[in-house]
Amino acid sequence: AQSVTQLDSHVSVSEGTPVLLRCNYSSSYSPSLFWYVQHPNKGLQLLLKYTSAATLVKGINGFEAEFKKSETSFHLTKPSAHMSDAAEYFCVVSDPIASKIIFGSGTRLSIRP
Amino acid sequence: DTEVTQTPKHLVMGMTNKKSLKCEQHMGHRAMYWYKQKAKKPPELMFVYSYEKLSINESVPSRFSPECPNSSLLNLHLHALQPEDSALYLCASSQDRPAFLVFGPGTRLTVL
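Line order of the protein sequences matches chains A and B. Take 21 as the starting number for the first sequence in my numbering and just add one per residue. Take 266 as the starting number for the second sequence in my numbering and just add one per residue.
Possibly wrong hints are sitting among the right ones.
[Stated by the list, open to error] Ranges of calculated distance between the beta carbons of each label pair, as one might list FRET restraints:
id : chain 1 : residue 1 : chain 2 : residue 2 : range
1  : B       : M292      : A       : S34       : 25 to 31 Å
2  : B       : T281      : A       : A73       : 49 to 55 Å
3  : B       : K306      : A       : P116      : 23 to 29 Å
4  : B       : E309      : A       : P60       : 33 to 39 Å
5  : B       : R373      : A       : S50       : 34 to 40 Å
6  : A       : E84       : B       : V277      : 37 to 43 Å
7  : B       : G293      : A       : P133      : 42 to 48 Å
8  : A       : T25       : B       : T267      : 27 to 33 Å
9  : B       : H275      : A       : H102      : 27 to 33 Å
10 : A       : R128      : B       : E309      : 39 to 45 Å
11 : A       : S48       : B       : H275      : 28 to 34 Å
12 : A       : A74       : B       : P348      : 46 to 52 Å
13 : A       : A74       : B       : S327      : 26 to 32 Å
14 : B       : H275      : A       : S50       : 25 to 31 Å
In case anyone wonders, no lab produced these hints; they're calculated from the structure. Fair warning: this is a prediction, and the values are worked out from it, not measured in the lab. Think of the CB as a built atom: it goes at the ideal place given N, C-alpha and C, for glycine as much as any other residue.
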């Protein structure tokens, strides 16, 4: 079975500094991986997705993620944080065998002025 | 049209009330989902409809009753809910299963 682990429940960075949100997955075959963002009292918005094409995936709002099979990681990065990036971020893996979508536990990103 | 819409945005109901949540998408997606999300937690899957047929029920209590009238619409009928059912209810759709989900904005439900 596939699983996904978000290594940090809360990350706090200063505005203008880089953002790193960590995600590791467990899979016995090539996974599809996604990052979603959720602002307070809102639905989830897809930031980016990896589906076995290029390993460096660019998403919306300046975010990108790199799929590293050797490290079973799919970390989310952004060069320069903006106040509007403060939100909850979910790493998600698609399990085609069980036909399920599996969510990580989430990382809350706070931005300091 | 690339979005999922949900109504109402907010709902307050008593434990004896009957209400319904509605979800609509016009992207031609053939799978639709109901999720329940408590504060500071990831969404929890409740139901999945695939090609208008219920394909997954994650052991949800019978006071929640899903309905898929057609490929664009998904309802969640609520009856005799408990205060612990208060949560954000999210609808989502996907082209097929499994694939990336397009989420609606959610309905914030409060049960008194």
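So, going through the hints one by one against the coordinates:
1. Checking the proposed 25 to 31 Å range against B/M292 and A/S34 shows it is violated: the Cβ atoms sit about 39 Å from each other.
2. At about 52 Å, the CB distance of B/T281 to A/A73 agrees with the hint of 49 to 55 Å.
3. The supplied range of 23 to 29 Å is met by B/K306 and A/P116, whose beta-carbon atoms lie about 25 Å from each other.
4. The given range of 33 to 39 Å is broken by B/E309 and A/P60, whose C-beta atoms sit roughly 19 Å from each other.
5. Between B/R373 and A/S50 the CB atoms are about 37 Å apart, so this pair conforms to the stated range of 34 to 40 Å.
6. At about 41 Å, the beta-carbon gap between A/E84 and B/V277 stays in the expected band of 37 to 43 Å.
7. About 44 Å separates the C-beta atoms of B/G293 and A/P133, a value consistent with the hinted range of 42 to 48 Å.
8. Separation of A/T25 from B/T267 is about 31 Å and conforms to the stated range, judged on CB atoms against 27 to 33 Å.
9. Between B/H275 and A/H102 the beta carbons are some 29 Å apart, a value that agrees with the proposed interval 27 to 33 Å.
10. Against the hinted window of 39 to 45 Å, the Cβ-Cβ separation of A/R128 and B/E309 comes to about 18 Å, which falls outside the hint.
11. Checked against the hint of 28 to 34 Å, the C-beta distance between A/S48 and B/H275 comes to roughly 43 Å, which is inconsistent with it.
12. Separated by about 48 Å at the C-beta atoms, A/A74 and B/P348 satisfy the suggested range of 46 to 52 Å.
13. Range check, A/A74 to B/S327: Cβ separation about 46 Å, and the 26 to 32 Å hint is violated.
14. Separation of B/H275 from A/S50 is about 41 Å and departs from the stated range, judged on CB atoms against 25 to 31 Å.
Figure legend: structure checked against the earlier numbered hints; hints not met, in rising order: 1, 4, 10, 11, 13 and 14.
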